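Number of protein chains: 2
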Amino acid sequence: MKYNYSDIPEVTVRRLSNYFHILKCLKENGVDFISSKQLAALAHTNAVSVRKDLSYFGEFGKKHIGYNVNFLMKEIMKILNISKTNKYIIVGYGNLGTAIAHFPGFKDENFLLKGIFDINKNKIGKEPIEGIKVMHIEEIDAFVKENKIKFAVLSTPMNVAQVTSERLSKAGIRGILNMTGRHIRVSSETLVFDINIVTGLEWLSYFVSKKGDKR
Amino acid sequence: MKYNYSDIPEVTVRRLSNYFHILKCLKENGVDFISSKQLAALAHTNAVSVRKDLSYFGEFGKKHIGYNVNFLMKEIMKILNISKTNKYIIVGYGNLGTAIAHFPGFKDENFLLKGIFDINKNKIGKEPIEGIKVMHIEEIDAFVKENKIKFAVLSTPMNVAQVTSERLSKAGIRGILNMTGRHIRVSSETLVFDINIVTGLEWLSYFVSKKGDKR
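Protein chains in written order, with the working numbering: chain C, 1 to 215; chain D, 1 to 215.
FYI, nobody ran anything at the bench for these hints, they're computed from the structure.
Keep in mind it's a predicted model, so treat the numbers as computed, not measured.
It is possible that part of the hints are untrue.
Copies of the same chain are indistinguishable here, so a pair counts whether it falls within one copy or spans any two.
To be verified - Derived lysine to aspartate or glutamate pairs resembling EDC-like cross-links, with alpha carbons at most 20 Å apart:
1) 74 / 59
2) 52 / 10
3) 211 / 10
4) 78 / 146
5) 210 / 10
6) 210 / 189
7) 78 / 189
Take these sequences, add in the hints, and give me the full structure.
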């Protein structure tokens, strides 16, 4: 089957990742098969969307049986390119960076933390996780090149988000997960995914108010 | 102008919030007007999407002049229901909860932290932020009712995410920002917005690999 990856909407990829996490949860609970309708309900979407999202990549479901949970998980892993290990670094080791470094969700998802960077002298040289040292940001270029790191989680203070992201892009980082809450612009060679906590609360604010809560 | 809020796609609301943060950044940099094309470029989308997203709510732009940054910001604030203060609590005060409590992005966005909840005896009774105490989860029902709290950020460990979210929903919380990385299901009275850090990396993994990075 031929398809052009650039035609696939960003939102489909986002949902694919969401399906993957739901499937993982189902597998842990011993579920072997799931219909597009059930998967849609768990993902807060509809069955048509689920089928359409998956149809970009192939035929995964069977009529009257649905999707094989284990098979679909493996296929999504291949699509998302997470069957092999992706190395990443954390840049900015405050509370947020610390939370991410210890986040249990990464463990079984083939994202491997390789280094932590900060500018605070009190943090540099420490080893908060076995084998993972906090290094000075000045060392980042050499480290990224030597270890062929493509991904960085940016968790610096807002006021240095832009300058740090430019530095990451120049060093060779190809994907930045921006958690600073500040909009950043980098060269088109580097992709940015924004995770903004405030955006989440704003979304909730909108839909809760529209539901007409009486309290 | 009449429109039905339930017809507005979730993704539009998400983008609206994104536009808002970009506009804020522009305002700070002294920009007064912006075209849909410029706004689209900053938001990683296209001008047609920008115009369509905003058209659900009214006519905000002027031909050849574009959008007035300040005016559009205020209108989006009204739409998102963030012109007035929204009170929220943090449930789970580990590294992630700590990061959120101190996140500077909330300050000027009318989201007001009212309380923090945990089960760890060493944390309870402390006041990490002036006027905001860490309370035991047992106190949550009374606190939510008394203070008319609608929103909660869920940052507990994964294994208690489901049981805690059910408790929040029963206590009267109408919107949960789920940062646990675990899929949760609550009664339809409560809305859930998932922020999953792993999803962000998976999205990057997909698009970086599709761009055909040679390293």
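Verification of the hints:
1. 74 / 59: within (14 Å within a copy, 46 Å between copies)
2. 52 / 10: both (13 Å within a copy, 18 Å between copies)
3. 211 / 10: This pair counts as between: shortest inter-copy Cα distance 13 Å, intra-copy 28 Å.
4. 78 / 146: neither (26 Å within a copy, 49 Å between copies)
5. 210 / 10: Answer is between: at 12 Å across copies they meet the 20 Å cutoff, but 26 Å inside does not.
6. 210 / 189: between (40 Å within a copy, 12 Å between copies)
7. 78 / 189: For residue 78 and residue 189, the Cα distance exceeds 20 Å both inside one copy (23 Å) and across copies (36 Å).
The structure fails to meet hints 4, 7 from the earlier list, while all remaining hints are met.
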